[in-house]
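A.B. asks: Work the whole structure out from these sequences, hints included.
Chains as they are written, first to last, in my numbering: chain A, 11 to 306; chain B, 258 to 686.
Just so you know, the hints here were simulated from the structure itself, not pulled from any lab data. Predicted model only: the values in this text are computed from it and were never measured. Ideal Cβ positions, reconstructed from N, Cα and C, are used throughout, including at glycine. Be a bit skeptical, because a hint or two may be false.
Claimed, not checked - Cut-off 25 Å, straight-line C-alpha distance, at most; resulting in silico cross-link-like pairs (DMTMM-like, lysine to aspartate or glutamate): (1) A:Lys71 / B:Glu669; (2) B:Lys526 / A:Asp165; (3) B:Lys290 / B:Glu327; (4) B:Lys294 / A:Glu55; (5) A:Lys71 / B:Glu484; (6) B:Lys583 / A:Glu55; (7) B:Lys313 / B:Glu346; (8) A:Lys167 / B:Glu668; (9) B:Lys503 / A:Glu157.
As the list claims (entries may be wrong) - On the chain A side, residues computed to face chain B include the following (Cβ under 7 Å): (10) Ser53; (11) Phe54; (12) Glu55; (13) Pro141; (14) Leu163; (15) Gly164; (16) Pro253.
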Amino acid sequence: MKETYRNGRTAFLFILPALLLILFIVFLPIVLNLYNSFFRWNSFEAGKTFVGFEYYVRLFKDPVFFTALKNNSLYAIISLICQVGGGIIIAAILEDKLIRRFQPFFRTVFFIPSVISIAVVGLMWQLIYNPEIGLVNGVLNVIGQSEWAHSWLGDSKTAIYAVVAVSQWQYTGYMTMLFLIAMQKIPMEYYEAAMIDGASKINSFFHITLPQIKEMILVGSVITVIGAFKVFDEVYVMTFGGPGRSTEVLGTMLYRSAFRNDEMGYASTIGTIIFIITLTLSLIQMKLGKSGQEVE
Amino acid sequence: MRTKILIVCMLMLALVITGCSSSTSSNENDSDKIVLKFLHKWPQPQYAPYFEEVVKEFESQNPDIKIKMEAIADEPIKDKLRVILGGSEVPDIMFSWSGEFARKFVRADAALDLTPYLEEDAAWKDSFIPASLQPFSSDGKNYGIPLRFNGKFFVYNKEIFDKHGLQAPKTWDEFLEVLDTLKEEGETPLMLGNESPWAAIHYLTGLNQKMVDQEVRMNDYNPRSGEFTDSGYVKAMEMLAELNEKGYFMDNVNSSSHDMVKQMFFAGKGAMFYVELEEFQDVENALKGNWGFFPMPSIADGNGSQNYITGAPDGFIVSSKTKHPKEAVEFLKFLTSKENSLKLVKDIGWPSPIEGATNPDTALKQVAEGVEYMKQAEGMAEWLDTDVHAKVADVYLSNIQLLLDGSKSPEEIIKEVQAVAKQVQSEVE
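C.D. replies: And the structure:
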């Protein structure tokens, strides 16, 4: 016991610097933000006025808040299906013996979008979506489906889907990379054993690949969902919440309150809510992930 | 192994020290000179050189003053100004729109009262066209100095107008007739780039002013007493929506940017475009005399004065926290001196608020005419998104795109405006 205690002390001292850093850079701002959400203040005025829970009450009565929540949830669901789901499938295809020769080429091609700066991506896609001179409507016209041609970013019904689509284009490749790495760690013997037993490729996928990369699936899902609720750049560059408020997400709502409407307190409230949402979802996901491991 | 760790640690330490020292050394260099931080909103290559030249000239005339200049463009400066003002390195002289936009900084004690400096130098004060100083005042005191005096006018392609035998309309009914004729003949009557919604808001600015009685409107635009219950506000939005419903606007206004549409207009597409005086030089460069202009036509049953022009000055405010108010004002005087104002008009073609600076000798004939219109007008209808409280502006800005694509009615929009105006009333001291 004495020895563990002595080691414990030293161990604690070793992690102290990192712990302090995390405390001041991560936890303290979260607490300060919560504190700030109880006041009315803005960035250029001195002094704060205490308002208690007024902003929280206002937030839950604000129809824009619910639009934003819906948009973020849409983002999360579509990203899970497309980036995580699609990523796994593409990775599995790339790992397949027949395609493996071309893997480096495809890996690069799929990964490139995720390293382009978001501002560039946003501007580029604005052009692509442009109803007069853009690629999407151009292609639709050429293949004879011009009734489908829309003002993608200018129509409040299609705008949010158009923006979500851009994120999928950008990050599916990144997820594919993560899953590829996880899949490459799976020992070949499992697959060989399954082949001897007569399992089809699809069977091996479901019974060997998926269970073996469970941790990576969990990590990928958590990143994707947190990212979906924190999303800001893509929406800001392409639509800034418009037309009207149809593409508003929590991130742009926060930005608008802070830097256009001069309501930092309201922005702090939104920030606290984003934190609570992402924390809850991450905890849920980790719980679900753990329950899988215990079965093994 | 030990030497390796030592070397790595020393390298890291060196990095950290360089990082820290670079921020302090810049202060040491200028401690013997007075440094003024100057922020303006024109980084574009056609405007920036003017400011660089003026700053250089000022520095050579005042060797003990150094000016650190920064330029941030139109859309980003709306956000950055607020953050910069809350930070530690507030610029001494910074750009601001007039009206409520400047007044909120005044209320927050962030802007310096310039009245004493104007009173002290009567010649300087009198050099300004009075209508250009007024929008920068609050409670009878002056807080801003105008650099430009902008008005909004419809410019039309003369060739298209002549082709169909049309003339510049003077009344709204004549305007609708012109639009109808153009549409029948297959032209695009009105160009509009409303991706950034201020473009349509400028239409609404004039419509609100012409439809609603001046006193009522000024009362509503004041954050402390805004109600927006006058039916004129709804009528104004209906008139704007009507232009769209009748197909007078081009397609896809909400996904086209003002700059892109400007290029389309210059390429000959579209008959009319609503622009500011500052853009007249660009129009002349592209259309070379093949154009004319007229102000928003008068509306017969409007309760507001029909002799107002939509427009506003914009310019600079001085930070209340500046350590060198006298030098800052000196620079502003230099910037708005007759000499530099003439240079402004000649080099960039902007309308200057200095009496006599914008005349047919220095400026484009049309710019000089435009400034004359503004001088003769009874008053100015300032941009709606800078003349009301930021939150009310936000409601108008986000909804104007929905008004134009038909998904929200004027009645629904005004209800939201009224609700926010009420909220604002209770929050502003």
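A.B. asks: Now, for every hint given, state plainly whether the structure supports it.
C.D. replies: Going through the hints against the structure:
1. Under the criterion of a C-alpha separation no larger than 25 Å, the hint pairing Lys71 of chain A with Glu669 of chain B is consistent with the structure, at around 17 Å.
2. Restraint check for Lys526 of chain B and Asp165 of chain A: satisfied, since their Cα atoms lie roughly 23 Å apart, inside the 25 Å limit.
3. Between Lys290 of chain B and Glu327 of chain B the alpha-carbon distance is near 19 Å, which keeps this suggested pair within the 25 Å criterion.
4. Restraint check for Lys294 of chain B and Glu55 of chain A: satisfied, since their Cα atoms lie roughly 20 Å apart, inside the 25 Å limit.
5. Between Lys71 of chain A and Glu484 of chain B the CA atoms are separated by roughly 21 Å; this keeps the pair inside 25 Å, and the hint holds.
6. Using a Cα cut-off of 25 Å, the hinted pair Lys583 of chain B and Glu55 of chain A holds, with the two alpha carbons roughly 24 Å apart.
7. Between Lys313 of chain B and Glu346 of chain B the alpha-carbon distance is near 22 Å, which keeps this suggested pair within the 25 Å criterion.
8. For the hint pairing Lys167 of chain A with Glu668 of chain B, the CA-to-CA distance comes to about 21 Å; that is within 25 Å, so the pair holds.
9. Using a Cα cut-off of 25 Å, the hinted pair Lys503 of chain B and Glu157 of chain A holds, with the two alpha carbons roughly 22 Å apart.
10. Checking Ser53 of chain A against chain B by beta carbon gives a least distance of about 4 Å; that is within 7 Å, so the hint holds.
11. Here the hint on Phe54 of chain A is kept, as its CB sits about 4 Å from the closest CB of chain B, short of 7 Å.
12. Hint status for Glu55 of chain A relative to chain B: holds, with the closest Cβ pair at about 4 Å, below 7 Å.
13. At its closest, the beta carbon of Pro141 of chain A sits 5 Å from a beta carbon of chain B; the interface hint therefore holds under the 7 Å criterion.
14. Because the smallest distance between the Cβ of Leu163 of chain A and any Cβ of chain B comes to about 5 Å, under 7 Å, the interface hint for this residue holds.
15. Checking Gly164 of chain A against chain B: minimum C-beta separation of about 3 Å stays under 7 Å; hint holds.
16. At a threshold of 7 Å, the smallest CB-CB gap from Pro253 of chain A to chain B is about 4 Å, leaving the interface hint in force.
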